[in-house]
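**Student:** Read in order, the letters of the sequence shown are residues 82 to 287 in the numbering used here.
If you are wondering where the hints come from, they were derived from the structure by calculation, not from laboratory data. Keep in mind that the hints are not guaranteed to be accurate.
Unchecked claim - Straight-line C-alpha distance at most 27 Å; calculated DSS-like pairs for lysine-lysine:
(1) Lys-147 to Lys-256
(2) Lys-129 to Lys-256
(3) Lys-129 to Lys-147
Stated by the list, open to error - Estimated spans, in silico, between C-beta atoms of each pair:
(4) Glu-136 to Pro-210: 27 to 37 Å
(5) Gln-184 to Ser-244: 17 to 27 Å
(6) Gln-184 to Thr-235: 17 to 27 Å
We put the beta carbon where it would ideally sit given N, CA and C, even for glycine.
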Amino acid sequence: MKPRNVHLFFFLIILLMLSVRNVFAHAPDKPTDNESLATAYTISDPAKSWAIYAELHEGGEAQYYKFDLPQNERLLVQLFVPTSEKSSFVPNLVVMGPGITSQDAVPEYVEIVEAVGVMLLAGERSSSPTYEPFTPSSFYEIAILDQEASDGGTYHVAVYESSQGGHYGLAIGYKEQFGLDEFIRIPIDVIGIHQWEGQSLLFILS
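Sequences and hints are given; from them, build the entire structure.
**Tutor:** So this is what it looks like as structure tokens:
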């Protein structure tokens with residue numbers, strides 16, 4: 082590569098990194114094997130803005146996540162689905178932890194944590210999709226919890242749908258912080274997000 086082209090290449094990389102900081106609001110993640118409380122996927126920094134891209138394989142299945150928050154930290158959890166997902170797939174969100182106000186009963190197959198509040202946020206697809214310009218992609222908001230962790234401690238989140246499986250996303254946290262390794266992974270992460278939406282690799286690369 083000629084010196085001039087090298088300089089141009091690195092300039093474009095820096096420009097991309099600055100642009101991503103503004104529009105790519107969540108660091109992407111993709112957990113596996115988290116179908117029980119015992120194997121709940123641990124989110125190490127829940128104040129940081131994460132976007133988890135996942136799939137419920139069938140109806141009557143729940144997937145679990147857990148994280149620790151200090152007292153009075155912001156507790157922000159948002160559930161969404163890609164616009165490519167069938168309209169009948171509307172998963173539900175369960176948030177469990179200290180200071181949570183118990184609300185509505187969850188199905189028996191959803192494991193709950195004893196001695197803490199358990200809140201069910203029934204899924205409801207937003208009337209219009211939200212557009213994310215960087216990837217680019219769009220999604221429907223399904224449920225959101227945004228409150229102060231008044232007591233602090235360990236929180237668990239469950240996502241389930243009683244009748245069918247489908248793809249969903251879970252956004253956790255609010256601080257837009259990105260490490261160098263996350264910037265380097267951006268091209269691969271973007272491909273993964275489009276595959277999560279149902280696009281083939283051939284279509285993405287064409």
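**Student:** For each hint, tell me whether it holds in the structure or not.
**Tutor:** Cross-check of the supplied hints:
Using a Cα cut-off of 27 Å, the hinted pair Lys-147 and Lys-256 holds, with the two alpha carbons roughly 18 Å apart. Proposed proximity of Lys-129 and Lys-256 is supported: the alpha carbons are some 4 Å apart, at most 27 Å. With a C-alpha separation of about 14 Å, the suggested pairing of Lys-129 with Lys-147 holds against the 27 Å cut-off. The supplied range of 27 to 37 Å is broken by Glu-136 and Pro-210, whose beta-carbon atoms lie about 19 Å from each other.
Range check, Gln-184 to Ser-244: about 22 Å between beta-carbon atoms, so the 17 to 27 Å window is met. Against the hinted window of 17 to 27 Å, the Cβ-Cβ separation of Gln-184 and Thr-235 comes to about 19 Å, which satisfies the hint.
Checked against the numbered hints listed earlier, the structure breaks hint 4 alone; every other hint is satisfied.
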